[in-house]
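Protein chains: 2
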Amino acid sequence: MFERLTHSIQEHISITEAEQDFCKTLFLPKKLRKKQYLLQEGDVCKYIVFVEKGLLRSYTIDNKGNEHILQFAMEGWWSADLYSFLTNEISSYHIEALEDCELLMITKTSWDLLLERVPVLERYFRVLLQNNLIATQRRLMGELSETAEEKYLKLVSAYPDIMQRVPQHMIASYLGITRETLSRIRSQLAMKK
Amino acid sequence: MFERLTHSIQEHISITEAEQDFCKTLFLPKKLRKKQYLLQEGDVCKYIVFVEKGLLRSYTIDNKGNEHILQFAMEGWWSADLYSFLTNEISSYHIEALEDCELLMITKTSWDLLLERVPVLERYFRVLLQNNLIATQRRLMGELSETAEEKYLKLVSAYPDIMQRVPQHMIASYLGITRETLSRIRSQLAMKK
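The listed protein sequences correspond, in order, to chains A and B.
Going by the numbering used here, the first sequence opens with residue 67, and the numbers climb by one from there.
Going by the numbering used here, the second sequence opens with residue 67, and the numbers climb by one from there.
For the record, the hints were derived by calculation from the structure and aren't laboratory data.
Please note that a few of the clues may not be correct.
As the list makes no split between identical chains, a pair holds if one copy fits it or if it spans any two.
Stated by the list, open to error - Straight-line alpha carbon distances no greater than 20 Å define the calculated EDC-like cross-link-like pairs of lysine to aspartate or glutamate that follow:
no.	residue 1	residue 2
1	K130	E215
2	K220	E209
3	K217	E133
Keep in mind the model is a prediction, meaning the values are calculated, not measured.
Excised from the complex, chain A in its bound form (with noise of 0.2 Å):
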C-alpha cells in the first residue's frame, strides 16, 4: 500500500526505517470508486491525499456552470486544495475519482506532527512545492500566451499517460477551450502527420 509513497519520498530524500515505519502509522489507507468524491465545494479540505492507484481530478465550477479543471493527479501525484486544507476554511473545489482508486490520506495535525517528527520531510514537500509551481506558472503564462494548438501540444507532450486516461471534454475543460476547438484541433494534428 505504501510502495509509491515510499518510492517517491526515497527518490528526494533518504529517510530511515524507524521514520518510514512513522511516517505509515500517520496515513489513513481510503479506496475510491470511479466518480466518488473526495473534496466537495463548501467542505473542507480535511486531508491531503497521495495517489497509490488511479486517477483523481480536481476541478472548480464558474456561476454559469462551467467546469475549470486545476490538476490531474495520477500514481505517485498528491492531491488536495492546499488553502483550505491549511486554513480549514471551506473549499471551491471538487476531488473527483475518474478510476477506481487506492489513496493514502493525511489530515492537517498528522502532517504537522510528521514534519515535527521527520524534519527531512520539509525537504521533500519543499521540492514537490518547487516543481508544482514551477508547472503551474508555465501554465499560467501559456493561458496568457499560447494558442490552443500550443496548449494541447505542451499538454501531449508533458503528460502522455494522463490523457490516455482522461475523456476528450476534461481535456478541452483543462485546456480552457471547447470540446469542438479540440475536436478541430485533433483533426488537423491528424492530417499533417
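Following the hints, put chain B in place on chain A, whose structure we already have.
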C-alpha cells in the same frame, strides 16, 4: 541590508545567531537602478534574489511582441526564474527593476550549501513555495473562469501596495487584458462609487 530577509525568515522559523551569520556570508548585495535588468531572456538565471528595497517584475515576450507578466516582487519577496535557476538552462524571462532596488542574491551552489548547513530553512522555503503555489493556482483558475473586472478587483484587493507603484499598462499586461479594457473597467468602477 539583511533586515527584511532576517524578518522574513523569523516570521516562519527560528534560527540561531550563528546560522543567521552563516546565511549572511552566502548572499551578494546588489543595487539595481530603475529600468536595469537582473535577467534577460536567453541568459541562465544564476541567482534567486530577495528584495530588500524596490520593486521587480518578471515577464516574457511572446512571438507577437506582447509582454506577459509573471510576477511583481516588492520588499520582502523573492524573485527568480526557478526552472532556469535549478536546471541551469536558459531562461525565457526578463527580470527588470521598476524602481531603484537593493537586492540580496544567492547562487545555486550557495543555496544548496545553505540548505545543507541550515536545514531548518527547508521549512522556510517550503512555506513560501506553498503560499506562492496557492496564489499562482488562484490566478490560473481566475484566468480560466473570471471576467476582466473580477480579475482586476481581486488584484486590487490582494495587492493594494503594488497597484500604487506599477504603471497601468503593466497592470493590464499582468491581467492579460488590453489597456483600453483596463481603462474602461476603472471608469465604470469609479462611476459606481
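Point to revise | Violated constraints from the hint list, given by number and in increasing order | key: The structure conflicts with no hint, since it agrees with every one listed earlier.
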